[in-house]
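S.K.: Chain by chain, the residues run as shown.
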Amino acid sequence: MQVNFLGKNLISPTVLASGILGNNFDILQRVHASGCGLVTMKSIGPTPRDGHNNPTVIDLGHGMINAVGLPSPGYLHMEKEWADLNNRDFPIVASIYGASVDEFQQVADYVSDKKPDFIELNISCPNSEKHGMLFGTSPTASFDVVNAVKKVVKTTPLIAKLTPQALDIGEIAKACEDGGADAICAINTLGPGMLIDIESRTPILDFKKGGLSGPMIRPVAVRCVYDIFKATRLPIIGLGGITTGADAIEMIMAGATLAGVGSAVTYRGISVFKKITREMDQWLKDHGCTLEDIRGAAH
Amino acid sequence: MQVNFLGKNLISPTVLASGILGNNFDILQRVHASGCGLVTMKSIGPTPRDGHNNPTVIDLGHGMINAVGLPSPGYLHMEKEWADLNNRDFPIVASIYGASVDEFQQVADYVSDKKPDFIELNISCPNSEKHGMLFGTSPTASFDVVNAVKKVVKTTPLIAKLTPQALDIGEIAKACEDGGADAICAINTLGPGMLIDIESRTPILDFKKGGLSGPMIRPVAVRCVYDIFKATRLPIIGLGGITTGADAIEMIMAGATLAGVGSAVTYRGISVFKKITREMDQWLKDHGCTLEDIRGAAH
Amino acid sequence: MNKPNLTVEKKPIMFRVDRTKRETPDHVTLFFNGTIQFRPGQFVMVWMPGVDEKPYTISYHGPKTFGITVEAKGRFSRKAAAMKPGDLLGIRGPFGNGFDTGTGERVCVVAGGCGTAPVAPLIDMLGKDITLIQGARSRDLLLFKERYPSLNGHYCTDDGTFGHKGFVTELLEQAISTNTFDMVYACGPEIMMKRVFDICEKQKIPCQVSLERYMRCGFGACGACVCGAERVCIDGPVFNSEKLRQMENFNQKALLKSGAEVPLSTYASWRCGENISTTN
Amino acid sequence: MNKPNLTVEKKPIMFRVDRTKRETPDHVTLFFNGTIQFRPGQFVMVWMPGVDEKPYTISYHGPKTFGITVEAKGRFSRKAAAMKPGDLLGIRGPFGNGFDTGTGERVCVVAGGCGTAPVAPLIDMLGKDITLIQGARSRDLLLFKERYPSLNGHYCTDDGTFGHKGFVTELLEQAISTNTFDMVYACGPEIMMKRVFDICEKQKIPCQVSLERYMRCGFGACGACVCGAERVCIDGPVFNSEKLRQMENFNQKALLKSGAEVPLSTYASWRCGENISTTN
Ligand SMILES: Cc1cc2nc3c(=O)[nH]c(=O)nc-3n(C[C@H](O)[C@H](O)[C@H](O)COP(=O)(O)OP(=O)(O)OC[C@H]3O[C@@H](n4cnc5c(N)ncnc54)[C@H](O)[C@@H]3O)c2cc1C
Ligand SMILES: Cc1cc2nc3c(=O)[nH]c(=O)nc-3n(C[C@H](O)[C@H](O)[C@H](O)COP(=O)(O)OP(=O)(O)OC[C@H]3O[C@@H](n4cnc5c(N)ncnc54)[C@H](O)[C@@H]3O)c2cc1C
Ligand SMILES: Cc1cc2nc3c(=O)[nH]c(=O)nc-3n(C[C@H](O)[C@H](O)[C@H](O)COP(=O)(O)O)c2cc1C
Ligand SMILES: Cc1cc2nc3c(=O)[nH]c(=O)nc-3n(C[C@H](O)[C@H](O)[C@H](O)COP(=O)(O)O)c2cc1C
Ligand code: FES
Ligand code: FES
Numbered sequence: 001m002q003v004n005f006l007g008k009n010l011i012s013p014t015v016l017a018s019g020i021l022g023n024n025f026d027i028l029q030r031v032h033a034s035g036c037g038l039v040t041m042k043s044i045g046p047t048p049r050d051g052h053n054n055p056t057v058i059d060l061g062h063g064m065i066n067a068v069g070l071p072s073p074g075y076l077h078m079e080k081e082w083a084d085l086n087n088r089d090f091p092i093v094a095s096i097y098g099a100s101v102d103e104f105q106q107v108a109d110y111v112s113d114k115k116p117d118f119i120e121l122n123i124s125c126p127n128s129e130k131h132g133m134l135f136g137t138s139p140t141a142s143f144d145v146v147n148a149v150k151k152v153v154k155t156t157p158l159i160a161k162l163t164p165q166a167l168d169i170g171e172i173a174k175a176c177e178d179g180g181a182d183a184i185c186a187i188n189t190l191g192p193g194m195l196i197d198i199e200s201r202t203p204i205l206d207f208k209k210g211g212l213s214g215p216m217i218r219p220v221a222v223r224c225v226y227d228i229f230k231a232t233r234l235p236i237i238g239l240g241g242i243t244t245g246a247d248a249i250e251m252i253m254a255g256a257t258l259a260g261v262g263s264a265v266t267y268r269g270i271s272v273f274k275k276i277t278r279e280m281d282q283w284l285k286d287h288g289c290t291l292e293d294i295r296g297a298a299h
Numbered sequence: 001m002q003v004n005f006l007g008k009n010l011i012s013p014t015v016l017a018s019g020i021l022g023n024n025f026d027i028l029q030r031v032h033a034s035g036c037g038l039v040t041m042k043s044i045g046p047t048p049r050d051g052h053n054n055p056t057v058i059d060l061g062h063g064m065i066n067a068v069g070l071p072s073p074g075y076l077h078m079e080k081e082w083a084d085l086n087n088r089d090f091p092i093v094a095s096i097y098g099a100s101v102d103e104f105q106q107v108a109d110y111v112s113d114k115k116p117d118f119i120e121l122n123i124s125c126p127n128s129e130k131h132g133m134l135f136g137t138s139p140t141a142s143f144d145v146v147n148a149v150k151k152v153v154k155t156t157p158l159i160a161k162l163t164p165q166a167l168d169i170g171e172i173a174k175a176c177e178d179g180g181a182d183a184i185c186a187i188n189t190l191g192p193g194m195l196i197d198i199e200s201r202t203p204i205l206d207f208k209k210g211g212l213s214g215p216m217i218r219p220v221a222v223r224c225v226y227d228i229f230k231a232t233r234l235p236i237i238g239l240g241g242i243t244t245g246a247d248a249i250e251m252i253m254a255g256a257t258l259a260g261v262g263s264a265v266t267y268r269g270i271s272v273f274k275k276i277t278r279e280m281d282q283w284l285k286d287h288g289c290t291l292e293d294i295r296g297a298a299h
Numbered sequence: 001m002n003k004p005n006l007t008v009e010k011k012p013i014m015f016r017v018d019r020t021k022r023e024t025p026d027h028v029t030l031f032f033n034g035t036i037q038f039r040p041g042q043f044v045m046v047w048m049p050g051v052d053e054k055p056y057t058i059s060y061h062g063p064k065t066f067g068i069t070v071e072a073k074g075r076f077s078r079k080a081a082a083m084k085p086g087d088l089l090g091i092r093g094p095f096g097n098g099f100d101t102g103t104g105e106r107v108c109v110v111a112g113g114c115g116t117a118p119v120a121p122l123i124d125m126l127g128k129d130i131t132l133i134q135g136a137r138s139r140d141l142l143l144f145k146e147r148y149p150s151l152n153g154h155y156c157t158d159d160g161t162f163g164h165k166g167f168v169t170e171l172l173e174q175a176i177s178t179n180t181f182d183m184v185y186a187c188g189p190e191i192m193m194k195r196v197f198d199i200c201e202k203q204k205i206p207c208q209v210s211l212e213r214y215m216r217c218g219f220g221a222c223g224a225c226v227c228g229a230e231r232v233c234i235d236g237p238v239f240n241s242e243k244l245r246q247m248e249n250f251n252q253k254a255l256l257k258s259g260a261e262v263p264l265s266t267y268a269s270w271r272c273g274e275n276i277s278t279t280n
Numbered sequence: 001m002n003k004p005n006l007t008v009e010k011k012p013i014m015f016r017v018d019r020t021k022r023e024t025p026d027h028v029t030l031f032f033n034g035t036i037q038f039r040p041g042q043f044v045m046v047w048m049p050g051v052d053e054k055p056y057t058i059s060y061h062g063p064k065t066f067g068i069t070v071e072a073k074g075r076f077s078r079k080a081a082a083m084k085p086g087d088l089l090g091i092r093g094p095f096g097n098g099f100d101t102g103t104g105e106r107v108c109v110v111a112g113g114c115g116t117a118p119v120a121p122l123i124d125m126l127g128k129d130i131t132l133i134q135g136a137r138s139r140d141l142l143l144f145k146e147r148y149p150s151l152n153g154h155y156c157t158d159d160g161t162f163g164h165k166g167f168v169t170e171l172l173e174q175a176i177s178t179n180t181f182d183m184v185y186a187c188g189p190e191i192m193m194k195r196v197f198d199i200c201e202k203q204k205i206p207c208q209v210s211l212e213r214y215m216r217c218g219f220g221a222c223g224a225c226v227c228g229a230e231r232v233c234i235d236g237p238v239f240n241s242e243k244l245r246q247m248e249n250f251n252q253k254a255l256l257k258s259g260a261e262v263p264l265s266t267y268a269s270w271r272c273g274e275n276i277s278t279t280n
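Protein sequences, first through last, are from chains A, B, P and R.
At position 98 of the first sequence the residue is numbered 98 (the UniProt record's numbering), and the sequence of numbers has no breaks.
At position 90 of the second sequence the residue is numbered 90 (the UniProt record's numbering), and the sequence of numbers has no breaks.
At position 196 of the third sequence the residue is numbered 196 (the UniProt record's numbering), and the sequence of numbers has no breaks.
At position 214 of the fourth sequence the residue is numbered 214 (the UniProt record's numbering), and the sequence of numbers has no breaks.
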């Protein structure tokens, strides 16, 4: 089930979300081999960072909560990864983050030289004191960071990853489009939320708060993609709670071009990409239509 | 399990959330008789309003999505209710909404004469084009509406009901406190979200988007109450996904004074209030402590 | 894809109309392929994408099929009655308590107009000594007239074109005078339900009647359907004598879509499309 | 309140330490009242509120009790080893694949240091013709020395205070030369695992070894624990010969907390607290 995304041919309309598995090249390759059309690296930061102590990720059954806290070797300490990237035969998104426009620019400048197929700007992470979400909730800040990065990366297509916490996510998407983004990825985790253990009277996550993902956030993700589709002409990676082919079809009908998958790896294994692709394919066959036919069909 | 809330004695620390059941006095009385400490009327508006067509409420198992759309007879057409209120022997919250500060003032002025124990300002509903949520996401607008209402209601204690969509809910709570609010209720429904039926390619809710409630939003509600507790000294009605006594204890540990219950009526019946109260009571006994002891204990 | 079991799924499950059957000039039954576990008297919320969603009683059920019978009246039901095989509808449910069928051997079933829909599967299930009393405006509007040929049926019409000219309540009084009933089941307009209840109270026969209110959620959350302190969607739609005795609003009051409590006559006028604003 | 079944619950379930047992100067077992369904080799994430959460193998299990055995080394494990009955810990799990126990009659179990913890319930369960080879730094650090008195045990210590002076791998080579094994199970430092694997490869005996990496989620989502393309938490922690042959990073590379891929020796230094920044 080939699809074209910003000029690249993908073997499936499914995308591995950033921060799921993507800690090294080998596992990205395994995910690709499991039928994933486009794999995203764990978000890369300007300097080495450990992230938070455990507990960092808890499964709630109908979704997950996490505050991993943007661990990263830092873009300067990933020679092995950059070398591996050079020998790849499948498309990769490099996700990056920073605490300022300067940092985003600096990381993007370096990373674009390593020639990933796309660079994703994580302007939407709730799990750090100072990175990300601040940008993604302000149209002007979103414009600024995308615009600044666009200047340095020149040809690498840019994907802006947005947060559902934005009051008007359509407006943010439009600002990113104006700033030079080539696509939108939505959504990052929702909330944040908090779990308190009542026996020890302690928040369970070491960072106390964490972002929600998985099936429970899907209605919000679908609404966000719907709003973004209305507000821009950019292709959208619809992400948030997708677990089945039907979920992916729903996201496409909201306006997505590709279907991102994160937490579902937990619920259906790494083969979830193959499974979702097969289920989508079957559905399209049963209904005698193509992905193009149904994109944005719910509008 | 008596508790005191702003000077009123309640038979239980549980509160019926607005918009759940509270369409007439008889059912409020039934909920009270089922062990609920404080019952809230369905939000009352300035003029008669039908709300949205069906589907308006869908159960997703781990929570609900709704866009009822603030139906209301309008405060001028509720003589029967106001008369019933006069003869009550249990405390009641009148929830009100408006599309402007003027409308809030007008409804509050009239309603306070009917002597409910509390007036709740619904500045947080996502299910209408122009009511509510706009206020609850801006500190200045929140201050303005609370302040304006405070001037006309004089003695009726005011509860400001907040939305998790606020970027910094602590800041909003503080603005409400500064405006004269006597308590905070958090949270209203989350999102909004959207469900699309892929066979008909149509959003399922007639209003397309709807707010999420129930177990799936609990982590967000707990985090909001935690943030509000940090930001203000006001008592908090913690609301969002509470279904068991343990859930209520968790909310109290986040900083709530009372535990609001909405969607759980669906999952455990109207007797959920009695059940939760009993479970809380048992837990406190087992742990040899009081509600006071554990309030905010997770901080 | 296999249809999931309706009692587990909570979102509307989409069904294509399998076949339709014109029952009378006003009534059409829509059949669906699917299993549904339900008790007679329970209802489903029927969603017509882009139009609205309304409660309908399950009127037919087989091992692999079920049906609802629609009286073409207003905007929604006219569209529903005009549906063709292959058309899509969403179904949520079943909801409500349904009739309590574990009560006594000799029963009387009273149905008026479209009220025959919920009692049909009741009759299918009871398999007891059943007296059926059914009324309609006119002969050709008598629903399911041929469905129970072996049944002890008493019929009446407003215009006298079939059976007794008059009301089902008259036939009920007559039947009670010559039979001993352990239970009377009834469904029809609320004024008729009230008369049935009064008759049964006088004769000290327990009864169960099915009521109707404007509904939103269907499962007891929103309070749109309250009749006093009872939620018609989940505490009902079937209420027994004991409950009815305490229901002050029975045959008296109902809520409009706005939540305004009005006399039942005002509610009926709204429901009957007399362009009364639902926000009075 | 009854403890929910651990295999269903996903949040940490809180347990109070029921009793503790000092196994050696370095090792303490914490016992909990609760049922846990698990396979030997599986682990749980153990949360000490306000401190951290780390993976520990289940080392004891009974019908109503289970235990973990902690080697007091660093910040977390020292606090854990010092816990008293009544202290609270949160437990998530069990996670991981565990050992495959359906393989052949004659098995050899090789354990080094704290690696004895996961193989103990394996020995309990196997009930086969078992040869145990166990090593430690010194006599008093030999974990569970009295736990399997009837077992065919071969011991070694670094300092020669008990059994053979030397490495378990030497004992393994010896045992292989005089026995036929259908399977070798091993747990211990990764360098020892590599030697065991090499010996088995040479002798064409299949083996299963348990590995260790820094973990976050424990259930295959975050990728923190990857060894090449394998997630140690869910594809492992037990890997068989077939897998090991393809794992280039086995005994070579590991990720630090930051995700930086480093030589195993660097990782070990970090783990051994030599104040190497985890972000290299
Ligand atoms: C528990 C329950 C079970 C039900 N089961 C059935 C069933 O099995 N079959 C069935 O046909 N209906 C049933 N109904 C009624 C059904 O839900 C609709 O109200 C009805 O079909 C009319 O909808 P409408 O959209 O056509 O009317 P609306 O578009 O809602 O507007 C009113 C219009 O409908 C007509 N109308 C609607 N309701 C009534 C009424 N109660 N009395 C008189 N006129 C009315 C009027 O002519 C008017 O034009 C049930 C209702 C409930 C609460
Ligand atoms: C699947 C799995 C199962 C495990 N089962 C057990 C078990 O049953 N029993 C058990 O005791 N541990 C087990 N561990 C290791 C355990 O999770 C911790 O890493 C260990 O207890 C040390 O934690 P710490 O907090 O004390 O060390 P940290 O605070 O994390 O910091 C490092 C410090 O710990 C010491 N240290 C930590 N790890 C090592 C190591 N691998 N080698 C040498 N020194 C180290 C150092 O002395 C140093 O001071 C297991 C790990 C995994 C991945
Ligand atoms: C454990 C975990 C780690 C994540 N790390 C990142 C990250 O580093 N960068 C990022 O942009 N998103 C990160 N996310 C968010 C996901 O990419 C995704 O947006 C989110 O989980 C919603 O998708 P899902 O519901 O399919 O999981 C992370 C999510 C999880 C669960
Ligand atoms: C069907 C429905 C109707 C609601 N109507 C209102 C309303 O009129 N006014 C209001 O302030 N909140 C309304 N809410 C929000 C609830 O009061 C509550 O804030 C929310 O449902 C979260 O609590 P819960 O998870 O316990 O349901 C409504 C919620 C539901 C599910
Ligand atoms: S329809 Fe919602 S409570 Fe009955
Ligand atoms: S610890 Fe998260 S994938 Fe292994």
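Calculated directly from the structure, the hints in this document are not laboratory data.
Each hint should be verified, as a subset may be incorrect.
[Said to hold, decoys possible] Calculated cross-link-like contacts (lysine-lysine; reagent style DSS-like; alpha-carbon spacing at most 25 Å):
1) P:Lys243 - B:Lys80
2) A:Lys150 - A:Lys8
3) R:Lys73 - R:Lys128
4) R:Lys194 - A:Lys208
S.K.: Taking the hints in turn, state whether each one holds.
M.R.: Right, here's what the structure says about each hint:
1. Of the pairs offered as hints, the one joining P:Lys243 and B:Lys80 holds, with about 23 Å between alpha carbons and a cut-off of 25 Å not exceeded.
2. A threshold of 25 Å between alpha carbons decides the hint, and for A:Lys150 with A:Lys8 the separation of about 19 Å falls inside it, so the pair holds.
3. Only pairs whose Cα atoms come within 25 Å are accepted, and R:Lys73 paired with R:Lys128 is rejected, the gap being roughly 34 Å.
4. A C-alpha spacing of about 39 Å is found between R:Lys194 and A:Lys208, which places the hinted pair above 25 Å, so the restraint is violated.
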